[in-house]
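**Q** Use these hints to put chain B onto chain A, whose structure you have.
In order, the protein sequences belong to chains A and B. Sequential numbering from 12 applies to the first sequence in my numbering. Sequential numbering from 12 applies to the second sequence in my numbering.
Because the hints were derived from the structure by calculation, they are not lab data. Any given hint might turn out to be false.
Said to hold, decoys possible - Keeping only pairs whose Cα atoms sit at most 20 Å apart, straight-line, the calculated DMTMM-like set for lysine to aspartate or glutamate is:
#1 B:Lys-356 - A:Asp-246
#2 B:Lys-356 - A:Glu-335
#3 B:Lys-299 - A:Asp-246
#4 A:Lys-356 - A:Glu-402
#5 A:Lys-299 - B:Glu-209
#6 A:Lys-328 - B:Glu-283
#7 A:Lys-299 - B:Glu-202
#8 A:Lys-356 - B:Asp-332
#9 B:Lys-356 - A:Asp-336
#10 B:Lys-356 - B:Asp-246
#11 A:Lys-299 - B:Asp-246
#12 A:Lys-67 - A:Glu-415
#13 B:Lys-299 - A:Asp-212
#14 B:Lys-299 - A:Glu-202
#15 B:Lys-328 - A:Glu-283
#16 B:Lys-299 - A:Glu-209
#17 B:Lys-299 - A:Asp-293
#18 A:Lys-356 - B:Glu-335
#19 B:Lys-70 - B:Glu-90
#20 A:Lys-356 - B:Asp-336
#21 A:Lys-299 - B:Glu-447
#22 A:Lys-299 - B:Asp-212
#23 A:Lys-368 - A:Glu-335
#24 B:Lys-30 - B:Glu-90
Protein chains: 2
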Amino acid sequence: MDSDYINLKEFINRNSDKKVVAIQGLGFVGAVMSLVCANALTEEYAVIGVDLPSEKSLKRINEFNDGLFPLVADDPKIEIFFQNSRSKGNFYATADPVAFEFADVVIVDVNLDVDKSNSEDLSLNNFNINLDNFRNAISTLGIFCKSNALIIVETTVPPGTCENVVKPILLEEFSKRNLDSKSLKIGHSYERVMPGPEYIDSIRNYPRVYSGIDENSATETEKFLKTIIDTSLCDLTRLNSTTASEMAKVLENSYRAANIAFAVEWSRFAEEAGVNLWEIVDAIRVRKTHSNLMFPNIGVGGYCLTKDPLLASWARKNFFDQSEDLFMSVDSVSINDQMPMFAYKRLRSVFGDLKDKRIAFFGVSYRGDVGDTRFTPVRGLYELVSLDSKETIIHDPFVDFWEELDLQVFDSAERIFEFNPEILIFSTAHSIYKQENFVDKILNLKPLSIFDSVGLFNECQIQNLSTRHRISIIGRGDIS
Amino acid sequence: MDSDYINLKEFINRNSDKKVVAIQGLGFVGAVMSLVCANALTEEYAVIGVDLPSEKSLKRINEFNDGLFPLVADDPKIEIFFQNSRSKGNFYATADPVAFEFADVVIVDVNLDVDKSNSEDLSLNNFNINLDNFRNAISTLGIFCKSNALIIVETTVPPGTCENVVKPILLEEFSKRNLDSKSLKIGHSYERVMPGPEYIDSIRNYPRVYSGIDENSATETEKFLKTIIDTSLCDLTRLNSTTASEMAKVLENSYRAANIAFAVEWSRFAEEAGVNLWEIVDAIRVRKTHSNLMFPNIGVGGYCLTKDPLLASWARKNFFDQSEDLFMSVDSVSINDQMPMFAYKRLRSVFGDLKDKRIAFFGVSYRGDVGDTRFTPVRGLYELVSLDSKETIIHDPFVDFWEELDLQVFDSAERIFEFNPEILIFSTAHSIYKQENFVDKILNLKPLSIFDSVGLFNECQIQNLSTRHRISIIGRGDIS
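Excised from the complex, chain A in its bound form (with noise of 0.2 Å):
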């Protein structure tokens, strides 16, 4: 026996009187998952947090157990809800499978994603999903878990998923134990987490939707989470099957990235009309029917948004036997992944070429202030500049290091003003950013020229800028 399991018997032996709570995939949702689980509101949860042995998670369990909660957020919740469970003791992290034997529920968050590599032109005609690696997070559930384990994943996956992949594989594991498949339940509820200040409430206090494989599944799911939700601030619905909440959940992020896609092709038409895109989305946002429209932007970044439609798309043809794909969802996808492109020639087209020019790009993160660049579309930017430019620089107040692109990020404007820049490009919509000490000290730099991709200033500030340096706006006509 090595010592991880022997951590982990004595984990079982000090909270025997609780519930046993397993979360697997420590990542962005299962790590802030662990902690509303271990200060559940109405039960006391023994929490064991269950990762894969790779190199990365090994740190981040590491990291958990030494009493360093391993994401950097905004809320402060987040240190308070560790701490807590710190001190209470009820929370371990492990990449042991054998953990789940000793679940009473557990909570499937582990990563599904979608290989976009095949589509170079970013049309999307042959993206591909890979459902190895959740088979196999499923399968080990089947090796391990107790025959009654209420079982409830979270992750977002191709509708049907539960019915056709992980019911059938814990049927054969269960069977190849001789266990009773009458006691498998599963169920499924997703989470609407948003990353930031209200990380922890996004989670707690935000309404959910939720179902079951069969009413017991379903009815035991809804236990569970009466106890981390509080149900007087929001409700839960049950909804009939896990496929139709599979699809709630892809639906709604499909559909938030398709009023992103419809704003980004917008914004490129009142740039060439030379409109100002602002101001129409504003004047039509009064009408109720309508108050869902967005804003021009860079494009969409993040984990789900640049995938989930395409989740959809793909169950209609392998579990539905459809031949089509959702065309609407799967070019919503596409325009937003040209958006950096789209950017990247607005920015050409207004500032000319840039070979000679030294360019300080402020913001990777896919959103503001957050420290998160998971798919970030300022990615896409970025590479283009870096090409056909002298020199760049990069700023951003949440990330110190871009690992994707494995470059150095400065949080001090004054290192990025030092480097002398003739192009400032604002490509995060950090609060920093607008705020008028900030804004005066680009006024005072000697002039250059500004292109502001996510509308992070507003008029007043647009004028006075626009007094000494050259500004252009996205989704909006040249400014005089």
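**A** This is chain B only, laid out in the frame that chain A set:
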């Protein structure tokens, strides 16, 4: 001088103390706009409605002058406003363009149609916009109008039309007449009319966007709008150019069309996957960011959403030298145009062959509680079903004759039931179809099949109906 001109002169003399507003085009917008102007809030106008001397328009003009408002509408204010203007004697309708000579303000409400006939496959690769009628209408204004008349375009036009079409034509006609081109005033302001019980208020009490080709035109347009719009209830928003407000209008409708297309696509997926999209949409719309998500439906009809997105795409190519369509917007129209065919396929897949079946349609209007068959999606479904089935019959309480198809429509449900239909297709969401006494009648028919293509019935009604009949709902898997 013909008698029409004498009447017109008499009308002008009788109203010589009033400013004259001429409405060009007396269709669904122009007719009601005439009433709003003749009942302006802060000014007494003499209003002249002008239309072309076609057979249809002449009939309409005569009805107007004979005291018969020519549109059937649910809004009681229409009759009140109409009778009020009759008793004031401040409205006159004519086909004589000389009427524009008297106008201080002209509101352009003529049609601008899109020809989709080259796209038999509904892909819209080859749609065409013919501006000839619109150009002629503007030329007429240039020939007759006073040089200082304010011309407000209210027609939905391709963005850029005021600058690229209206202004050059008027300047040309003015120069032929040696009029001062500096006094030319062109504004653009679009309505957000919603036919139905609040027809008048949807003009008078609803926020409006406006613009002008220059500062003076915009200011004059604003002044005029303030006399007819209740700005204590809603805002007027000035945009920077006529192209901007033209774009706002088509963007607004394109957004709506895209939302509908999104629902159409997922509706098919839900049917294939055997889930209930209605409950999914309900669960998602609790999020404010997702409140514009639409419910499944047979598709989109009416004059605007079926073509406006195409105007924008056309403008992009023809006024702004772009080679590409606005793909999402064009695709939205295409997807929506295909919806009746999807509904037909669904009908066939659920209820099988129709060839020996007598089929009753409930509703032909494109919208519930309105009598308007223009571009109704019911047409596509009806044509497919009638080709295929033994016999059909149609019910609609708001339409007595289906002009486009030259078909009789009944307003007595009893008449329909005597026909002994084997399938009932609900194709318009008229309120009376949801009323309990109506549902009870259906419940008492001998067992038959029901296809609800508009989501008319609530869950309780569906369950009741399904005890006796086979029922299928659009956007929803089979009902057990």
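**Q** Do the alpha carbons of Lys-299 of chain A and Asp-212 of chain B lie within 20 Å of each other, as the hint requires?
**A** holds, 16 Å
**Q** Can you confirm whether the C-alpha distance between Lys-299 of chain A and Asp-246 of chain B stays at or below 20 Å?
**A** holds, 14 Å
**Q** Holds or violated: are the alpha carbons of Lys-328 of chain A and Glu-283 of chain B at most 20 Å from each other?
**A** Roughly 10 Å between the alpha carbons, so the hint for Lys-328 of chain A and Glu-283 of chain B holds.
**Q** Holds or violated: Lys-299 of chain B with Asp-246 of chain A, Cα cutoff 20 Å?
**A** holds, 14 Å
**Q** For the pair supplied as a hint, Lys-328 of chain B and Glu-283 of chain A, confirm whether the alpha-carbon distance does not exceed 20 Å.
**A** Holds. Lys-328 of chain B to Glu-283 of chain A sits at ~10 Å (cutoff 20 Å).
**Q** Could you grab the alpha-carbon distance between Lys-299 of chain A and Glu-209 of chain B and see if it respects the 20 Å cut-off?
**A** Between Lys-299 of chain A and Glu-209 of chain B the Cα gap is close to 17 Å, so the pair holds against 20 Å.
**Q** Please work out if Lys-299 of chain B and Asp-293 of chain A have their alpha carbons no farther apart than 20 Å.
**A** OK: Lys-299 of chain B and Asp-293 of chain A at ~17 Å, within 20 Å.
**Q** Need the status of pair Lys-356 of chain A, Asp-336 of chain B: alpha-carbon distance at most 20 Å?
**A** Roughly 18 Å separates the two Cα atoms, so the pair holds.
**Q** Can you confirm whether the C-alpha distance between Lys-368 of chain A and Glu-335 of chain A stays at or below 20 Å?
**A** With Cα atoms ~46 Å apart, Lys-368 of chain A and Glu-335 of chain A exceed 20 Å; violated.
**Q** Given the hinted pair Lys-299 of chain B and Asp-212 of chain A, is their alpha-carbon gap at most 20 Å?
**A** Between Lys-299 of chain B and Asp-212 of chain A the Cα gap is close to 16 Å, so the pair holds against 20 Å.
**Q** Checking one constraint from the list: CA of Lys-30 of chain B to CA of Glu-90 of chain B, max 20 Å. Satisfied?
**A** Violated - the C-alpha atoms of Glu-90 of chain B and Lys-30 of chain B are around 24 Å apart, more than 20 Å.
**Q** Compare the distance between the alpha carbons of Lys-356 of chain A and Glu-335 of chain B with 20 Å, and conclude whether the hinted pair is satisfied.
**A** Distance ~15 Å between Lys-356 of chain A and Glu-335 of chain B Cα, so the pair holds.
The structure is inconsistent with the numbered hints 1, 10, 21, 23 and 24, although it conforms to all the rest.
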